[in-house]
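Protein chains: 4
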Amino acid sequence: MISVAIAGVTGYTGQQLFRLLHGHPDLCVTQLFAHSSVGQPLAQLCPELAPIAGTLDVRPFVPSDIQDCDLLFLALPHGCSHAYMAGLLKKGIRVIDLSADFRFEDVSIFNQTYDVCHEAPELLSQIPYVLPELYEADLQEIQAAAVPGCYATASLLALTPLCRAFTELGSIVIDAKSGVSGAGKGPTASLQFCEIEGAFSAYATGTHRHEPEIAAMLGHDVFFSPHLLPMSRGILLNCYVMMPHGFNMKEIQACYKDFYGAKPFVRFLAQGQNPNTKWVTGSNGCMLGFSGSSEKGVLVIHAMIDNLIKGASGQAMQIANRFFGFDETVALPVCPQLL
Amino acid sequence: MISVAIAGVTGYTGQQLFRLLHGHPDLCVTQLFAHSSVGQPLAQLCPELAPIAGTLDVRPFVPSDIQDCDLLFLALPHGCSHAYMAGLLKKGIRVIDLSADFRFEDVSIFNQTYDVCHEAPELLSQIPYVLPELYEADLQEIQAAAVPGCYATASLLALTPLCRAFTELGSIVIDAKSGVSGAGKGPTASLQFCEIEGAFSAYATGTHRHEPEIAAMLGHDVFFSPHLLPMSRGILLNCYVMMPHGFNMKEIQACYKDFYGAKPFVRFLAQGQNPNTKWVTGSNGCMLGFSGSSEKGVLVIHAMIDNLIKGASGQAMQIANRFFGFDETVALPVCPQLL
Amino acid sequence: MISVAIAGVTGYTGQQLFRLLHGHPDLCVTQLFAHSSVGQPLAQLCPELAPIAGTLDVRPFVPSDIQDCDLLFLALPHGCSHAYMAGLLKKGIRVIDLSADFRFEDVSIFNQTYDVCHEAPELLSQIPYVLPELYEADLQEIQAAAVPGCYATASLLALTPLCRAFTELGSIVIDAKSGVSGAGKGPTASLQFCEIEGAFSAYATGTHRHEPEIAAMLGHDVFFSPHLLPMSRGILLNCYVMMPHGFNMKEIQACYKDFYGAKPFVRFLAQGQNPNTKWVTGSNGCMLGFSGSSEKGVLVIHAMIDNLIKGASGQAMQIANRFFGFDETVALPVCPQLL
Amino acid sequence: MISVAIAGVTGYTGQQLFRLLHGHPDLCVTQLFAHSSVGQPLAQLCPELAPIAGTLDVRPFVPSDIQDCDLLFLALPHGCSHAYMAGLLKKGIRVIDLSADFRFEDVSIFNQTYDVCHEAPELLSQIPYVLPELYEADLQEIQAAAVPGCYATASLLALTPLCRAFTELGSIVIDAKSGVSGAGKGPTASLQFCEIEGAFSAYATGTHRHEPEIAAMLGHDVFFSPHLLPMSRGILLNCYVMMPHGFNMKEIQACYKDFYGAKPFVRFLAQGQNPNTKWVTGSNGCMLGFSGSSEKGVLVIHAMIDNLIKGASGQAMQIANRFFGFDETVALPVCPQLL
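Residue numbers (the working numbering), protein chains in the order written: chain A, 384 to 722; chain B, 384 to 722; chain C, 384 to 722; chain D, 384 to 722.
Source of the hints: derived by calculation from the structure; they are not laboratory data.
These figures come from a predicted structure and were not determined experimentally.
Careful, some of the hints might be misleading.
Note that the list lumps identical chains together, so a pair holds whenever it fits in one copy or between two copies.
[What the hints assert, rightly or not] Below 25 Å or equal to it, Euclidean Cα-Cα: the simulated SDA-like pairs (lysine to any residue) are:
1. 640 with 652
2. 679 with 630
3. 646 with 430
4. 646 with 402
5. 640 with 627
6. 633 with 589
7. 568 with 505
8. 679 with 438
9. 568 with 642
10. 646 with 549
11. 473 with 602
12. 679 with 497
13. 473 with 413
14. 473 with 517
15. 474 with 603
16. 640 with 514
17. 646 with 406
18. 473 with 629
19. 633 with 712
20. 633 with 570
21. 568 with 645
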């Protein structure tokens, strides 16, 4: 068995990760850490997990306390991992970091976007940004990986085939809508139930932290416009791409089917099937669809993921599967949860 | 007192209209009609309205049964009004039609969009499409008016000042999100609670019936992309306008403030205030906001309305106020309902 | 005009109160206070209220700063009013307190229930607990009143007629369910949207702070069992009363109709109408209904209120109307908000 | 592999069953039936299931069309199974019926409760009512079983140990609250999203069809009072039992722990843990908790299940596991889904 630790297990992402790992035949969680808990049983800190928590305790995260660990998931808030990474790698631990800390090659973009001073800029080029469907190389030789953000995952899966195949693209606008869990456990006044129920809002239009992440990985400018939905889980985003008038929609669809042909988690909407987050909620799938008007020169690529699974914990476990040479689908749900 | 009748009082729009009219000092509802009810008390058909229903009955809608009526609101499904209108006008009744039947000047667009054969095409040019903030002329001499649809109301209030002031606009994409009540009372399998809770979906991308209504009134092509939110009330839409790089945002904002200066129901987001449907839920207000990137040539105009009030019943009563020379704000809520 | 001040205007209760008072023809809000705000405009602190906020500022609550005030609403957290009350009364200001501070005649119950030491126990007997439907005496001569809590309002309206008319009642169990807004604005980790959506919970079963308030006012022991609903507004509670087998349901219903006959805000479910919070949401009404089994000796009294209106702000304004000799319904909604 | 068929796969219960069976190592779904579909692929009828639907078609349910089937799940509406059962048993197929048709020993109660005339009353005594935690006998020799209803499952797990151990119980009131999915897919006007969001209602107080089912199995009268929650999944119910004053709570809790000691799906709330549907949503677990007042003679037993899993499909698969001698937990989720 491969011995696994999670740092940040009490957050939404950490909890999902623990739950997914519980179903894995070869990865075994043996150590748990969190920022603010001292030696309490997981079953008590997170009663949802009690049925599978066994006797595991959650300890304060001190890297030197990690023992006999093959793989560490860092599910900490942004801006925490960069200070730990060098020490962890020196201990020979393999690390999958779910935060933004190692997503950028250019440290200045990170520092500016997250308003911190990165302590390990020299590691940025060594730790790859792994969106599994776009990262073909073998991961078995790699010691650490950065997991893309949820918005970036959906956006890049939606746009990468187009941007690689077509060079004459006009403006790209991404209108993205996310469930509230993407914002973490809080508590935050603006995320109280009464503030969210029955309300829909836009935020950070054109100024969101995922915009530079997406643009950098895509190699094309984007205008990113996120929204908060009155629901917990799921992202649906529309990429509006200004195209030459008379563009060929069938050719574009064929290009995507070719690009993702063999990928187990990417699926396409059927003819007449509306884009809907429920096709992916609870699964590690990414659903893509196409609309638009050739006459008006507007192409729409719809993308749906579950922000907590494909957008975070599921993707991290998909990467872990490839770290150890397993099939990348092991223990990952392909079917949504239904209701 | 002005004697008022409502046809279609049992629908969501009709109920709201009845409730709003109850607070009006000069309009008095004296007759109620619906398609499928025979002589039942309103208090029984719509228990929500029981506290203000008095002893009013709801009768099947037969135009010849209308008596002593100064003003009739037609809150019927699309495709019902056009057959009645000529007869109603001949009786000398003033009519405010909330359906799509008299929204188009070009009958062929209506017939194609709604898949019916309009029986009174000769009336289309006589019955104005009244979006009060954009319709300056006196309404006191007018016998009938068509009320804009909810998506069209928000879109036109968002885009008209721009389209009138700037001639060199590129593509316009409207990404619109609406609460479920816009779809009526059903029952519809896809609108059952379990299908909507926790799910967000797109539909009719680029093919929605409001697209030609918006384009026709705006005099500019638009690409319209609607969505269904897991909430009952409210529309938030973003108009993405491709602009010349380096466009002047301040100039645009000034243009809007100038355009809507004196209008009581149009308001603008304050600096730092996120676009949110809750600023307008339950009110007849329309809230507008601006984002974008001059560098990328993308202008965003955010618009929020309550689809049942400003998008339907409130707007109809606003028009009624102007029909009779009252201040257009009489008995219309300006403050949202809070939670 | 009567000059009104609100202390605690930024809370959910305070905001509703401000909104209701805005519609009142004779009460005029001239001063606003809150605990944690210094001289900010209300329109900025509570953008929902911007359309009716005018230029009013919110100042820190210092009783000596109140000027020219006929009536003060205290919408502060529990445990704040008791220290201010004596000073306020001395200044000749009339006070309506929405907190629990003056709800108990017996100071020891208050001190124990709220874990504070009441500073003005001598005022407890002078400040009446005013549930308007149960408080017949003239309020024009009274300087201050305590407003019942939301659960207590619904429970007492449901049970008082029975407890007064029937002496041989067995155990009474109140199974109560409330929307989340009853818990205030927080932020509280357990009230984040993701914790509440799709979840229903019980809390404080048999140990809730409203239990002694209800029992004291009713003169009968009750077992109180509250729950948190995944919705913002509304209370529906069932009072299960163990009755002698063969009790006469019609007699009980007649007793209630007699008791509440002339009260404008108490209404009864019609035959076949299900108990539902939506019959009262947004209104100051209390809806009552009856079920049960005479054979099994179980009587059920259903009660529904909007916790923010009849359970707090609306009730406070109803009391204010009686303070000044107005009809108690002035500016209070009788019809729910519909959707 | 054991060959399995599902009749009624397109309903909420049938879909969940298909999804759960997909994860079972030894049960293989080979045939699907529904009432209203003719030869359409499952992936098209239920796009949620597309990722695991393979090429299975859904055929109209005609018992004679079933071929090579070891086990048939009947997930049809109430009142359909009784006409098919004799024929199915004659063909030697093992049947697990999720409807109410074989839940009663006394046919007259069934006929009266469901307003049909049962066509196979002679089978009622042969087909056991299997609530697995309460049904100790071996199921390997049994050809058919009736699955308890969702409310009955929670009620019986909550009350059976008490009713068996204590003979001097007073009145029992069950105040039950359920998510909307228990009512099926509809469409039903009263279950449209706009009717349910933000609203909580009681229905069939003292007259619900599960009341006789519960009372019959319990051997004790109950008063059953169900409610509809604004959420899709989950049941939380409180059983209020009138007890002798001074009853011993610790003794009762010990009795339950003894009773359910070895059962894998029954768990108890920890000290201080609130009853909450989220502890079980998405799992086959039943969570029990205890409150009450010995002084007032009121005992409260809280029970939580997921109505679609432990209350229907999961329980059916738990029974199937015992039919074939597997561990009853195989392929059944023990951990809730988290958010």
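Right, here's what the structure says about each hint:
no.	hint	in the structure
1	640 with 652	within (12 Å within a copy, 43 Å between copies)
2	679 with 630	both (9 Å within a copy, 22 Å between copies)
3	646 with 430	between (36 Å within a copy, 19 Å between copies)
4	646 with 402	both (24 Å within a copy, 22 Å between copies)
5	640 with 627	within (21 Å within a copy, 35 Å between copies)
6	633 with 589	between (31 Å within a copy, 17 Å between copies)
7	568 with 505	neither (32 Å within a copy, 45 Å between copies)
8	679 with 438	neither (61 Å within a copy, 38 Å between copies)
9	568 with 642	neither (36 Å within a copy, 37 Å between copies)
10	646 with 549	within (21 Å within a copy, 46 Å between copies)
11	473 with 602	neither (33 Å within a copy, 65 Å between copies)
12	679 with 497	between (38 Å within a copy, 22 Å between copies)
13	473 with 413	within (21 Å within a copy, 53 Å between copies)
14	473 with 517	neither (28 Å within a copy, 56 Å between copies)
15	474 with 603	neither (38 Å within a copy, 63 Å between copies)
16	640 with 514	within (18 Å within a copy, 45 Å between copies)
17	646 with 406	both (22 Å within a copy, 21 Å between copies)
18	473 with 629	neither (55 Å within a copy, 49 Å between copies)
19	633 with 712	neither (30 Å within a copy, 48 Å between copies)
20	633 with 570	neither (47 Å within a copy, 36 Å between copies)
21	568 with 645	neither (36 Å within a copy, 35 Å between copies)
Consistency with the previously given hints fails for numbers 7, 8, 9, 11, 14, 15, 18, 19, 20, 21, ordered from lowest to highest.
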